[in-house]
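Each chain, written out:
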Amino acid sequence: MKLGNYILKRIFLMVIVMLGVATIVFFITHVIPADPVGAILGGNAPIERVDEMRHQLGLDKPITLQFIDYIKGIVHADFGISLKSSRPVLKDIINYFPATIELAIASMIFAVLVGVVLGVFSAIYRNKSIDHFSRVFSILGVSMPVFWLGLLLLLLFYYHLDLLPGGGRNSLFIFPPRITGFILFDSVLMGDWTAFWDGLSHIILPAFVLGYASAASIARIMRASMLDILRQDFIRTAKSKGLSKRLVIYRHALKNALIPVVTIIGLSFGSLLSGAVLTETIFSWPGLGRYIVNALLVLDYPAVTGSTLFIAFVYSLANLVVDISYAALDPRMRV
Amino acid sequence: MLNTVRNIGQKEKIKLFLEQRKPIIEDWKHTYYLWKSTPLAMIGTAIIFIFLTIAIFAPLLTSYSPTEQFMEERLLPPSSQHIFGTDQYGRDVFSRVVYGARVEVWIIFIVSIISVMIGIVVGITAGYFGGAVDEILMRITDMFLAFPRLILAMSLTAVLGPNLTNTMIAISLVDWTIYARLGRAEAMKVKSQPYIEAIRAIGAKDLRIIAFHVLPMSISPVIVQLTLRMGTIILTAAGLGFLGLGAQPPTPEWGAIVSDGRNYLIDQWWITTFPGIAIAFVVLGFNLLGDGIRDILDPRLRR
Numbered sequence: 001m002k003l004g005n006y007i008l009k010r011i012f013l014m015v016i017v018m019l020g021v022a023t024i025v026f027f028i029t030h031v032i033p034a035d036p037v038g039a040i041l042g043g044n045a046p047i048e049r050v051d052e053m054r055h056q057l058g059l060d061k062p063i064t065l066q067f068i069d070y071i072k073g074i075v076h077a078d079f080g081i082s083l084k085s086s087r088p089v090l091k092d093i094i095n096y097f098p099a100t101i102e103l104a105i106a107s108m109i110f111a112v113l114v115g116v117v118l119g120v121f122s123a124i125y126r127n128k129s130i131d132h133f134s135r136v137f138s139i140l141g142v143s144m145p146v147f148w149l150g151l152l153l154l155l156l157f158y159y160h161l162d163l164l165p166g167g168g169r170n171s172l173f174i175f176p177p178r179i180t181g182f183i184l185f186d187s188v189l190m191g192d193w194t195a196f197w198d199g200l201s202h203i204i205l206p207a208f209v210l211g212y213a214s215a216a217s218i219a220r221i222m223r224a225s226m227l228d229i230l231r232q233d234f235i236r237t238a239k240s241k242g243l244s245k246r247l248v249i250y251r252h253a254l255k256n257a258l259i260p261v262v263t264i265i266g267l268s269f270g271s272l273l274s275g276a277v278l279t280e281t282i283f284s285w286p287g288l289g290r291y292i293v294n295a296l297l298v299l300d301y302p303a304v305t306g307s308t309l310f311i312a313f314v315y316s317l318a319n320l321v322v323d324i325s326y327a328a329l330d331p332r333m334r335v
Numbered sequence: 336m337l338n339t340v341r342n343i344g345q346k347e348k349i350k351l352f353l354e355q356r357k358p359i360i361e362d363w364k365h366t367y368y369l370w371k372s373t374p375l376a377m378i379g380t381a382i383i384f385i386f387l388t389i390a391i392f393a394p395l396l397t398s399y400s401p402t403e404q405f406m407e408e409r410l411l412p413p414s415s416q417h418i419f420g421t422d423q424y425g426r427d428v429f430s431r432v433v434y435g436a437r438v439e440v441w442i443i444f445i446v447s448i449i450s451v452m453i454g455i456v457v458g459i460t461a462g463y464f465g466g467a468v469d470e471i472l473m474r475i476t477d478m479f480l481a482f483p484r485l486i487l488a489m490s491l492t493a494v495l496g497p498n499l500t501n502t503m504i505a506i507s508l509v510d511w512t513i514y515a516r517l518g519r520a521e522a523m524k525v526k527s528q529p530y531i532e533a534i535r536a537i538g539a540k541d542l543r544i545i546a547f548h549v550l551p552m553s554i555s556p557v558i559v560q561l562t563l564r565m566g567t568i569i570l571t572a573a574g575l576g577f578l579g580l581g582a583q584p585p586t587p588e589w590g591a592i593v594s595d596g597r598n599y600l601i602d603q604w605w606i607t608t609f610p611g612i613a614i615a616f617v618v619l620g621f622n623l624l625g626d627g628i629r630d631i632l633d634p635r636l637r638r
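Line order of the protein sequences matches chains A and B. Residues in the first sequence are numbered from 1 upward in steps of one, following the working numbering. Residues in the second sequence are numbered from 336 upward in steps of one, following the working numbering.
These are computed hints drawn from the structure, not numbers from a lab. Wrong hints could be hidden among the right ones.
As the list claims (entries may be wrong) - Derived DMTMM-like pairs: lysine to aspartate or glutamate, alpha-carbon spacing no greater than 25 Å straight-line: (1) A/K9 - B/D633; (2) A/K128 - B/D626; (3) A/K245 - A/D233; (4) B/K357 - B/D630; (5) A/K72 - B/D477; (6) B/K524 - B/D362; (7) A/K128 - B/D630; (8) A/K9 - A/D323; (9) A/K84 - A/D51; (10) A/K255 - A/D323; (11) A/K84 - A/D131; (12) B/K371 - A/D131; (13) A/K255 - A/D228; (14) A/K245 - A/D228; (15) A/K241 - A/D228; (16) B/K348 - B/E361; (17) A/K9 - B/E470; (18) A/K72 - A/E48; (19) A/K128 - B/D633; (20) A/K72 - A/D51; (21) B/K524 - B/D469; (22) B/K526 - B/D541; (23) A/K2 - B/D626; (24) B/K371 - B/E347; (25) A/K9 - B/D469; (26) A/K2 - B/E470; (27) A/K9 - A/E52.
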C-alpha cells in the first residue's frame, strides 16, 4: 500500500473510532446516570430548581434528540458550559491543557534520557553492578504506585529538606509571562529567567514521579534490544574489522537498538496521560488531569464529557502519528 | 480396550495414567526446573504466597477490627500495641492493611473473571467468524482502547457511583480489550488448522468447535497475560481509591488508606507509608512472577 493511501485509511478509521468514543462518552454521561440533577443539586432541591436544571442540561428532551444535540455540539467543538466554573468547557480545556503537555514533555525527556542511558550501560556491562542497579531501578519503577511515591518525595524534598517547592506550577509572587501557556518556554522566550528557574524547580518532582515508570520500561526494552543487537553478525564483523569498541557500540549497535524504544515512547503516552491524573492531583498541578478529577468528583457532566473526549482525541492522534511515522520507516507495517 | 482398563488393579491404572501423560509430566518438570533457576521468579512467587496467606488468615493476624473507630486512640505512632500505628479515627493501621489484602485479592479475582470472560467471548467470536463480525468487534475494541486506561475507569466509577463493586466493574470494562485481541489471534490460528476442517466435515457445529476446540487452545495465552496484568489491576484500583473515585471509606482498600493519611502525612507518616509499601510489595511480586513466567515460556530458553 502506498504511504498516502495508508495515511488516508488510518485517518478514516480514526474518524470512525472517534465517533464510537463519542458514543461511549455519551453513554457514560447521559445514559448511565440515573439522576444527574439529583447528584448535582442534592436530594432536597425544590422541584422548580430541578426542572430548571433538567432544562438547562437538556435532559427533558428524548434521548435520541439529546444524542443529536450532543454530536452537533462536538462537531462545532462546543462542549457546553461547565457547571462548576460557569465558563465554556472548551475554554477551560485550552486553559488547563498546556500545563499537562508541559509536564508530559518534561517527563518524557527525563524518561528517555535515563531509560536509554541505563539500558545501554546495563547491556554493555551485563551482570555487572550497573546492570543490577538498572534492573532494580526498573522493577521498582513499574511496581511503585505513582501517588504514593509522589507523596513521599514531597515529604522528603519539600518538607524535610526544603529543596524543592511543594506544588503548583509557579511560586506565589512570580508571574510568568503567558503566550503559549508553557511556562518554561514562555519565560525563555521573554528572557524572564527568574520565572524560568522558578518553573523548573516546580516541574522537577512531578516530572520525575510521572516519568519514572516510563523510564523503567524504556530501560528494560533498551537493555533487551541492545543485547539482541550486540549478538548479531554485523556487530561481530564490525569488531573484527578492528573498529574500536566505542565506535561499534555508538555507531552500529545503538542506532539499531533504538528502534523498539521509539514504539515504547509512543505507547507510553497513554500511561503518561493516565499517570498525569494522579501526579497532577498530588502536586496541585493545574492541568487537565486534575480538572477531570475535580469535574468527576462533583459530577460536572459537561466538563467530564468535554475533557474525556478531548483526552481520548489527543491520545488517538498520538497513536496515529506513531503508526504513520512507523509506516514511513518500515513499509511492512502498512497492512 | 475399555474392559482391559477396567479389569486391571488400582496401581496399574495409576501407572498407565502416568505412562500416558509422560510428555506432559516431563514438561512440567522442565518448567519447575526453569522456575527454580530463575531466582527472581521464586521471590515473586514467595511474595504472592505471603500476600495470599495474609488475605486468607487476616482475622488471625490481628485482634483489631479494620473499621471500628476508637476516637481516644487516634493518631498513635507505631508501638507494640499498634505496630503500624493508628489513623485519625483510632483504627489500627496494621489491621486495615491486613484486611486490605482481602479487598485487593477480591478485586483481582472479580476483575480477572469479568474481563477475561468479555475479552474471550468478543475475541473468539471475532477471530472465528472473521469478516464483517471481526471488523465490527475489533473497531469496538479500538474505541475502548482510545481512552487512557485510568481516565475511562474513573469516568465509569464516578458515574456509576464510586464504590468497590463499581470499581471492579469499571476496571473490567477497561481491561477486557487485551484478552479480546489475544483470543482473536488465537482463534484465527486454530480455525485454519486441518483438524478443525476435519471435525467440521464430520458435522460439528460452530458452537461445538468453539467450545471444545478453539476455547481450550486460547485459554493458556490469556492466563499468562492475566498473571502479567494482575499488578496493573491493583495499581489501577489503588489509584482510583486514592482519587476518591474508587472504594470508599471505611472499606480498607490500600489506595483509599493512602489517601486517608494524606492530610496527616507530615506528622503521622505511618498512615500513608504502610499501605503504600503493601501496594508496592505486592505489585513487585506480580511483576517479578510475570517476568519469570515470560522467561520460562520463552522458547529460546526452553530448548
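request  = Check each numbered hint against the structure and report the violated ones by number, ascending.
outcome  = 1, 11, 18, 23, 24 and 27
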